[in-house]
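Using the working numbering, read the sequence shown as starting at 3 and increasing by one per residue.
Hints listed in this document are in silico derivations from the structure and should not be mistaken for laboratory results.
If you're wondering where the values come from, they're calculated on a predicted model, not measured in any experiment.
Take these hints with a grain of salt, some might be off.
[As the list claims (entries may be wrong)] Distance condition first, Cα-Cα at most 30 Å in a straight line; then the derived DSSO-like pairs of lysine-lysine:
1. Lys57 x Lys171
2. Lys96 x Lys171
3. Lys113 x Lys137
4. Lys137 x Lys164
5. Lys90 x Lys28
6. Lys132 x Lys171
7. Lys90 x Lys171
8. Lys96 x Lys37
9. Lys90 x Lys43
10. Lys43 x Lys57
11. Lys164 x Lys132
12. Lys37 x Lys113
13. Lys171 x Lys113
14. Lys28 x Lys164
15. Lys133 x Lys43
16. Lys132 x Lys57
[To be verified] So the derived label-pair ranges between C-beta atoms look like this:
17. Glu95 x Gly44: 48 to 56 Å
18. Tyr101 x Tyr129: 38 to 46 Å
19. Glu92 x Gly158: 36 to 44 Å
Note that beta-carbon positions come from the ideal geometry of N, C-alpha and C, so glycine has one too.
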Amino acid sequence: MIYLMRHGADPSERYGGWSAYGLTEKGREQVHSAKGNLYNKGITQIYSSDLVRAKETAEIVANSLSLEITYLPQFRESNNGLLAGMLKTEAAEKYPGMYWNALGWTETWPKGESPEQFFHRIQSAWYEFKKQVGKSNVLLVSHGGVMNIILCLENGIPYTNKETRFQIKEAEIVQMDI
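Model the full structure from these sequences, guided by the hints.
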């Protein structure tokens, strides 16, 4: 069983992506609330994106389950380049109309990656991860965009950045029977 967990809330007035911002107080509360759903699941290892908000989420869970964390940078959210951590109001002025769902498939964020590059990075990382963990019960803490790609892959649904196929809440846990 692979459990996927989205990080808790981070500053909503800022762009996420490769932002260096961590969880808000609300985000920490969400994770503390959700972690109980992982007790008695036989989880033997925690893996996490190395972005701060995912690391903080993983640390809260790891402390309660007494497990180690392995950080996997390949499971970072989309690299939004210059917009990472930027106030959304500032981004609207500097980069009008630049939104994830408005990018063309091969169009990149300024100094970032395209939806195509993001998809292929996560697809490759996910298939390798599944081989690596085998039939172990593990937790992967990551991001909404990453989880959307994984869920599309596992459900045979074509991925597109034009539409969010799976609405994943902050600190939500999704169980994958692999």
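Has the hinted range 38 to 46 Å been met by the Cβ atoms of Tyr101 and Tyr129?
-> violated (29 Å)
For the pair supplied as a hint, Lys132 and Lys171, confirm whether the alpha-carbon distance does not exceed 30 Å.
-> holds (23 Å)
Holds or violated: are the alpha carbons of Lys133 and Lys43 at most 30 Å from each other?
-> At roughly 20 Å apart (the allowed maximum being 30 Å), Lys43 and Lys133 satisfy the hint.
Is Lys90 within 30 Å of Lys28, Cα to Cα?
-> holds (20 Å)
Given hint Lys113 paired with Lys171 - CA-CA distance at most 30 Å = holds (28 Å)
Are Lys113 and Lys137 close enough, with their CA atoms no more than 30 Å apart?
-> violated (38 Å)
Do the alpha carbons of Lys90 and Lys43 lie within 30 Å of each other, as the hint requires?
-> violated (39 Å)
Pair hint Lys57 and Lys171, alpha-carbon separation not exceeding 30 Å = holds (17 Å)
Pair hint Lys164 and Lys132, alpha-carbon separation not exceeding 30 Å | holds (27 Å)
Holds or violated: Lys43 with Lys57, Cα cutoff 30 Å?
-> Within the cut-off at roughly 21 Å; holds.
Between Lys96 and Lys171, does the CA-CA distance stay at or below 30 Å?
-> holds (29 Å)
Taking 30 Å as the top limit, are the C-alpha atoms of Lys90 and Lys171 close enough?
-> Judged against 30 Å, a Cα distance of about 20 Å means the pair holds.
Consistency with the previously given hints fails for numbers 3, 4, 8, 9, 12, 18, ordered from lowest to highest.
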